[in-house]
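We have chain A already, so just place chain C on it with the hints.
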Amino acid sequence: MDMKMPISAAAITKMHAIIMAVVIIIAAVGASASYYLTLRPGAPEYIKIGWPAPLTGTLAGFAETTPWMAQQVEDYVNNKLGGIYLSEYGKKIPIKIIIRDTKSDPDLAATIAAELITKDNVDIMLALYSPAMTNPISAQCEKYGVPCIVSQTILLSWLMGAPYEWSYAIGLAEPDFAILFFDLFDSMGDKVNKKVAMINADDPDGRGFSESIKIVAKARGYTLIDAGLVPYGAADYSSYIYNWKSSGADILTGNMLFVDFATLWRQCNELGYKPKIVAMSRALLFPSWVEAIGGELPNGLIGYTWWSPFHPYKSSITGQTASQLVEAWEAHSGKQWTPVLGLTHAVLEVAIDAVKRAGSLDKTKIRDALAETNLNTIAGPVNFKAPLTPQQQARYRPFENLMKYKDHYVVVSPVAIQWVKGSKWPWEMQVIYNWESPEIPETAKMFLLS
Amino acid sequence: MELKSRYIYIVILLAVLTSLPLWVGGFLRDALILFFLYLAAAEVWGFMAKHAGIVSLGQQIFIGVGGYTTAVLSMYFGIPMYASVIISGLLGAGLAGLLSFPLLRLRGVYFAIGTFLAAEVIRLAFSGWEFVGAGKGLIFRDAYGIPTTIIYYPALALAVISIFLVYLLYHSKLGFGLRSIGADEDVACGLGVNTFVCKATCFILASLITTLVGAVNVIHHTYLHPTSAFSISWTVNFLFVAVIGGVGTIVGPIIGSALFVAFGYLFAQYLGLSLLLEGLIVLAILIALPQGVWSAISRKLKLNLKPPL
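Each protein sequence line maps, in turn, to chains A and C.
Quick note: the first sequence, position 309, residue 309 per our numbering, numbers continuous.
Quick note: the second sequence, position 55, residue 1055 per our numbering, numbers continuous.
The shape of chain A in the complex, shown without the other chains (with noise of 0.2 Å):
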C-alpha cells in the first residue's frame, strides 16, 4: 500500500545504513555476550548468594535490616574467615552476596530472580519477605534448578506452588496464631470472660485468621462478636466498638493493617470501651507501626513474633547471640530492632553451611546438603528432616499442604509478646508466653487492661 508513496533516495540510503547499524549492534551484542556466558573458569573465583529484595516500595520495612546484613557476614566470613573451604577445588573461595532491588513488585522479582540466575550465574537464592516475593522468586528457581531458601513468609501460600524440588523454607504456619493466642486467653482462667469481639482485613490474611479464630473459639467455648471483614482505610468503626461494648467483651482480636487498628484503638477509647485483653495479628509486629497508634495508647497490647533478642539462640557463622545481633544493628543504624532481623541471619547461615557440606559449587549437590540441613542458627534450630511435634501435627492435619510437603520446610514457632513503655525506645516488647518454646524464657508477666 505504500508503494503509491514517493521515498527520497536520501531517505533510504539512510534507512538502509540504520538497518544495517542495528544488525551489526544486535549480531555484536550477541556474539559478545554469549563469548563472555559461555567463558567460565575452572575454580570459581566466588560463592555467590542471589538476593532480590524490595529495598522499596510497600515492603520496604521488611528489607530494612538486608543490605547491612549482608555485608556483615560477607566481611566476617571473607576478611576473618578467609571464605569458605570447598572440598573440590581443594581451597578456601570467598562468598559474594548479590542484592537487588525488586522494588516490592512480584513481577519484576521474577524478572530480577531470573537475571541472577542466567547472568550472575549464582550458586543458591535467597527469597524472603512475605508471599509477593518468595512465590515468584522459588518459581523462578524451580524452573532453572537453582537451590533456594525460603524464609519470613507464609507457609501455607508458598506451599501452593509445591511440590518443591529446589527450594526449602523456614517460614511461618497460619494456624498457630489462632491457638497461641487462644491458649494465651485460657491461661487467664476467670479473669476474663469468654466473650471475644473480633474484627479482621477484608483480604486474604484477615479471610485466613477470621476462618482460624471461627474453629477455636468454637471448639473452646468462647463467644464470638464479629463484626466481619472490613474494607481497607474506613474511618468509623463506632458501631461495631458499641455492639462490643454492649455485649461486655473482655477479649478483642483480629487481623488488620496497622494504620486501621491505630485508628480502631483510638476510637476504642474515646467511645469507652475497654477490653481486658487486645490481641491482634498483623497490625503489632513493628515497634513504628505500635508508635503510630500515638499517646500512652500502646501501653498493654498484645501481638506475637517469632524472634527477639531474647531468644537464646546463636549465629553459626560469627557467634553473637540474638542481643548481640540487635546492638550491632542498632549501633549501625540509630533504629530499634524488628522481628526480621534473625531470619534475615538465618538465611545466610542456612546457604553458607549448605555450600560448606556439598563442598562444590554443583547444584544438585548443593540442593542434596540443603535438605539434610541440620543447624542451630540465630532464628533457631533448622533441620527439614524434623518431624512435626504431636501439637503441630494436631494443628495442621486439616491442611493437606503443610502435611504432604513437610521435608520442605521448618516452622518458626511464634510467643506471645506484649507492648510496654521502653527504656531505649518509646515502645518495647516483652515476651509474655513462650508457648511452644519453653527454652525462650518470658521476660514479664502479661498484664491486663483493666
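Do not take every clue at face value.
Stated by the list, open to error - Some but not every residue of chain C turned toward chain A, in silico, with C-beta under 7 Å:
hint : residue
1    : PHE1027
2    : ALA1134
3    : GLY1137
4    : TYR1144
5    : HIS1221
6    : TYR1223
7    : HIS1225
8    : ALA1268
9    : LEU1275
10   : LEU1277
As the list claims (entries may be wrong) - Counterexamples of contact, computed for chain C against chain A with all Cβ distances above 12 Å:
hint : residue
11   : GLY1108
12   : ARG1179
13   : ALA1183
What the hints assert, rightly or not - Here are some chain A residues the structure puts well away from chain C; computed CB gaps all over 12 Å:
hint : residue
14   : PRO44
15   : SER187
16   : SER413
17   : SER437
Keep in mind that the hints were calculated from the coordinates and are not lab data.
Every residue gets a Cβ at the ideal spot worked out from N, C-alpha and C, and that includes glycine.
Showing chain C alone in chain A's frame:
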C-alpha cells in the same frame, strides 16, 4: 528496486532475530523476551493514545486476564498451553468488546479514569476469588519446563505482529477514521465516521495484543498475583515505553522498550534508589526531548519519515 532492497534488510533482520536464541546466552534471551513483550503492548497503546485519542489506563486488565486464563486453562482444565494462550487472547478481545459499551461512551480523561476503575474492580474480584488462588496468587507450575529458547518465539512474533498491525491500521480505512476521531471526534462524527465502531475495533485489537502479552508473560514468569497482574504499573510501563521512544511512532517504542528493559536491570543494582533514579531519568528525558527519543533522532538526521514510522 529501492523498496525491494528495503524488504531484504527487514528479512535479514528477522532472520537474525529468529536465530538469536540459538547463539546468545540465557540472560540476553530473558532480556529480549521482556523487550518484545513491552514493545508489543506499547506499540498498540501508543497507537491508540496518539492517533485514535483513546488513552487507556486499564490495559492491565488484559495482562491479568491473559495470564490467569492461560494458567487456569492449562493447569486446571488440561488444555495444551498454546491453545490456552489463543483462547485467552479471544477472551481478552471479547472482554474488551464488552467493556467498550460502557467505557467508550466516555471520552478523554473520563475514559482513562473509567478504564482504571474497571481494572481496580477486576483486581478486587480476583483478590477474593479462591478458585484462582485469591490473594495468595497462583503458581504456574506447568510452565517450569518451558525454556526461554521457546518462549522467545511467541514474544518475537507478538512484537512483529504488533508492529505490522499498527502499520496496517494506520493506513487502513479504519485508521483513517480513527485519526479523524483523534483530531476531533465531533467533526469526525459529523463527517459520517461511525466513531463507536472505529474506536471499539481499535480497542479490541489493542487489547487482544495486550492479552497475549499477558499470556506469554505468565509462561515466562510462572507466577501470578492479583495486585501485580492487575497493577496500573503495567500500563504506566507501556506509557513509559511509548512516550520515551516517541508516542505514535513505530520506531519510538522499539527504542523505549530497549531503554526500559536496560533501566530495569541496571537500576536494581542501586539499592534503595532504583525508583528514584528511574524517575529522574524519565523526567530528564521528557524535559529534554518532549517528543521522545526517536522523534528527536529523526528530526536531527532529517529522515523525513512518513508517519507512523
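Practice problem: Of all the hints given earlier, name the ones this structure violates by number, lowest first. | Solution: 10
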